[in-house]
Amino acid sequence: MVEGMNFNGQWIDINVNGIDYHLPEIPGEMLSDLLRYRLGLTGTKIGCNEAECGACTVLLNGKAILSCSFPAKRAHGCEIITIEGLASPGEKPDERILHPLQQAFVLYGAVQCGFCIPGQIMAAYGLLVNNNHPTAEDIRYALKDNLCRCGGYTAIIRAILAAAKAIRTGKPVEPPEVPEAVKAHEVVGRIHIRPDGIQKVTGTARYADDLTFDGMLHARVKRAMIPSGIVMDINLSKAEKIPGVVAILTAEDLPGEKNHGLVIQDWPILVGVGERVRTAGDAVAIIAAETREIATRAMNEIEVSYHVLPVVSDPVQARAEDAPRVHEKGNLLKHIKVRKGDINEGFLKADIILEDTFYTPMYEHAFIEPECSVAKPLPDGRMEIYVGSQIPYSDRSQVARALGVPDEQVRVIGMTIGGGFGGKEDIAGQIHAALLAQRTRRPVKLLFDRHESMLVHPKRHATQIKVKVGVRRDGTLMAMQTELYGDTGAYASLGEKVMTRATTHSSGPYEVPSVRADCYAMYTNNPPAGAFRGFGVLQSAFAVESMMDRLAEALGMDPVELRRKNALRVGSVTSTGQVLKDSAGLQECIDKVEAEMRRIGGSDPFSPKMVDGAPHLVRSWGFATAYKNTGLGGGAPDKAGAQVELYPDGTFEVRTASAELGQGLPAVLQMIASQELMQSPQRVRVLLSDTDLTPDGGPTTASRQTYVTGNAVRYAAHALGELIIGFLSEHYDISPERIRFEEGLAVVGDERVTLEKIADLMIREGRSPVTTYTYYAPETRPLGEDGDMHFAYSFAAQAVEVEVNRLTGEVRVIRVITANDVGFAVNPLGLQGQIEGGVMMGIGHALTEAFWVEEGKVVTDRFSKYRIPSIIHTPEIHSFVVEHPTSEGPYGAKGVGEIVIIPTVPAITNAIYHAVGVRVNRLPVDQEWILHEIKKSGVVPDKTIFL
Amino acid sequence: MSLWKEYYFPSTLKQALQLLSESPQPARIIAGGTDLLLDIQQGRQAPVHTLIDVTRIQELNRLEVDGDYLFVGAAVPIHCIADSPLVKFHARALAEGCSMIGGPQVRNVATLGGNVAHALPAADGTIGLVALDALAEIIDAEDSRLVPILDLFQGPGRSSLMLGKDILVGFRIPLRHFGQASSFQRIMRPQGVALPILNMAVWIEREGTTITQTRIAVGPSGPKPQRASTIETFLAGKPWNRETISEAIQLMRQTFSFRTSPYRATAEYRLQVCKQLFVEVFSVAWERAGEEW
Ligand code: FES
Ligand code: FES
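Same order as they appear, the protein sequences are chains A and B. The end of the first sequence is residue 947 by this note's numbering, with every number in the run present. The end of the second sequence is residue 1293 by this note's numbering, with every number in the run present.
Everything labelled a hint here was simulated from the structure, so no lab data went into it. It should be emphasised that the depicted structure is a prediction, and the values quoted were computed from it without experimental measurement. Heads up, none of these hints are tricks.
Chain B residues, not near chain A, derived (Cβ > 10 angstroms throughout):
id, residue
1, Arg1062
2, Glu1142
3, Pro1156
4, Gly1157
5, Leu1175
6, Arg1288
7, Glu1291
Computed footprint of chain A on chain B; a stretch qualifies when at least three of its residues, placed anywhere within it, have a C-beta under 8 angstroms from a C-beta of chain A:
id, region
8, 1035-1049
9, 1185-1193
10, 1267-1278
Here a beta-carbon is modelled for each residue, glycine too, at the ideal position from N, C-alpha and C.
The following block holds chain A by itself, in its conformation from the complex (with noise of 0.2 angstroms):
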């Protein structure tokens, strides 16, 4: 066509790791998809695909792009090096040699759901390519663009310093200075690096989209993307004539159950002709094709017309008496109710009385990984669904009601998760991809892409919380009473549990006598919400953190003293009527988080400070402190079944049908197992979430899984120890306290027999090596019964320096002290990331993120809308670990997950109170109202004094 070209456009040359390519062009295809599913090179995510997340990084010619909105054909006559390229070949023939980023990377816990990682790794080696000695300034700068949700930042900036220094140097990467737990064992409470570290450094650990089966389909799914409605009409006729297309469902095709829910059954799989719609994100046909992007041309070819209803946006309107109805037994899915003690008579005796209202947003999980599933179903008539999934037995009795089979007939394999915070407990695309796959006899993916995944999935409950509470002038509380509205969207998902959570825990982590709480759980047309990281617990805490630092202040009283003075202590009612009978770490929280914030920060820590040279930016402190139940609680039966294996090869395997979303479960299993059998944890594997190999470990939730499966698997060892010391006492007519175990073997009177033999022996002799065990977490009573309502809380204590900018109402977060009572910290590396990712994702909360909606319809609907905190939004953390042990949880130990992110909003606002005199009661904190207020109070300085 033109004379003089390079070549036609037929073929794209690369150079991918060392190989040459010779590719046939694709039509519009980005380089992401040649390397993930041309070449098969699945390091590389895709976690946006709109250029905003860097999960896609490679390097090309040297330099880092973004692979997911870079033509494949642009990379014609280039060299790129993808995650897989970064190993170098070791002298063995399969063995790779870690580059120093990886390693560096694994060592020092920058690691958790993985999925961000190839990105963050790629990012910062095409920095040290060009700069072998970074300062912290230049890794935030390099790596502004590559998010991480598990909000690993602080070990990534320590990971390539590490790696850099190694580069610099030749030496291996130093490891990194982690404190164990006081009372560390053998194995648990020291510092082991997490078992699928490796595998997430180097690509080769596989989340749901890396699959692909011969003749496997794509399913899209066609969304009502109105709020309300009936649908009238659903014409397929143009969508089923496009060639490629091999099945589309709709309602009527439903084999077996309409609806599906956690708890309950009220959200339609496929809102069918003449049936309601409820929320944007509503199902009303699936497709399968050969391509996703045949799949995506029949999705936007299906017409649907609806009878347009109107739009409940809002709980408090949900509850007015003449408000439209989003469920036909009414808006209201629960009130919820907590009293304690008189309350009339709490506020007479009370000295001084407050009273505020608090607004929350909804917010968005924003898990890098988006929402996958695989159904593949089997030539005997079985379907398994691989999925990275937080509750995989419900996902399994779901998929199989919907199917119309028994549960046996399904099997969910857990694959590898990225990241879920609560957001991957309800079902996704699971129940589609099955239905699918039943229909086609083909395996079908269903893969979401961001703004699917933003609109569909639960998110964090808006809220609204009045609270009243009345304190005595010596600074005792006396009564509080609290209302919340909680907006649950259009199902109820987990919104009943969570709102029971925000309502128990409103009267926050304090001794008080006097409670009365009222929820409103309500349905509205907006996106669901359910599970979220905090629980509904961060909420109230806003709330009720942000009334203890006025209440101190009409009290002219220091905030920490406050605290200090009403905090749960051993022998505390809470408000539900528990008596704590241990491991409440609350006051050393306090002491800790309170010393090291005098230390940094002066006497008087909570006056405002002006920047020296800039007297518009001022600095100050914020306070507040925290608590969370662990496990499920409520009277809810709390259970996990663990099974540990002796293999011939003298190795363990742990199986347990428990979620790894990032939070390194496997390394707090494995190491439990090793413990109990006195091995090192090279020598146990953990399998996890796989229906037919691994018993069900309950829902990964509620922070739970350190205590309860963890305890599964600790008698599980335990039992199997003592399997395999029976055994040997018998083989070797010896008496059992002359056997005990050492690494690799049991020493048995003066003999050493390995463990391999034992194996052997032990199958020989018909005997199994293996042990199940289902753990029964302490019983738990219902919320109005006194008693127990939950087997254990965790404590927290934060303080946060913030500076404001006085101009432009700007807020950053400097510094931030954390101490959280754990009970006993087993795994301390994976514990660290838990601690800093969830102070990031309450950074996060307070100041960047909000999932709007505006009338049933989401506004923050792509990655480009939703910000979540990036590595320049990384404060300094410092972190205390406090261990006051919990007389039933595995060496003592209680909840993690949620604690950590829980205070960290309240410090912030208190902070900027103290800075400038500003009280935030609406999150995100927007810099223009805090502008606005500053200019109210009439202390505005002008820039112009700077001249």
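We have chain A already, so just place chain B with the ligands on it with the hints.
Same frame as chain A, but now just chain B with the ligands:
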């Protein structure tokens, strides 16, 4: 629907122009593609048939002093501009604006030509060019022409470039003379879209303590980037002191008609921060203009 069907890499402007006129339509010029591809992907723009990638044309990759101006090729990656000592010296506002565009991965790919062609009223690269009084060099099949940078904008997202006809070759920025300097700064909002709620570039010429000339560009202060001509005129010939700056600030309310954009900022807030930004950006440029060299 694939986003495009055919993708070409012409190596000369001639080939590019030929491709543009002869390829199956719609045909679009692509440089970094960071904005264009997302627009197509997210349905803000229809898929195209032909993409003509101009990043391998040498002429568009020039970054050099040419006679009495600095030439910045339209396909020069943003990071090269941000890091270039030449740009930092002659066109500091541009270098500073470019260093704030996207993240490093985006800056490695995105181009100044793309930033301008996308025609957002507050693009960080564009605002600097406006204050620096750049000329855009444009070529079509018949002719090449020089267009004052502001004339390239017709409205938000609408450039006056003729889509299937024009190719943006680069920008000419007057060289810096003694007593001149520029500066750029912006204010973001942490929630929502990562676009500045306000950005500003200032170019100054001073003589001793007198402001002889100045150019002030502000975005988004309307559908297109704008110069604050009233304030520029007011400042010309004034002494540099607090009164002058205060008076200039007083003129802002009548100079700009800021808009309220939901979820971003109200007009009033924009005006407030505009005043602050002005003091900051103007002072920095003033200091720089006084540097010895
Ligand atoms: S997947 Fe490319 S930036 Fe998110
Ligand atoms: S490890 Fe970064 S997103 Fe999970």
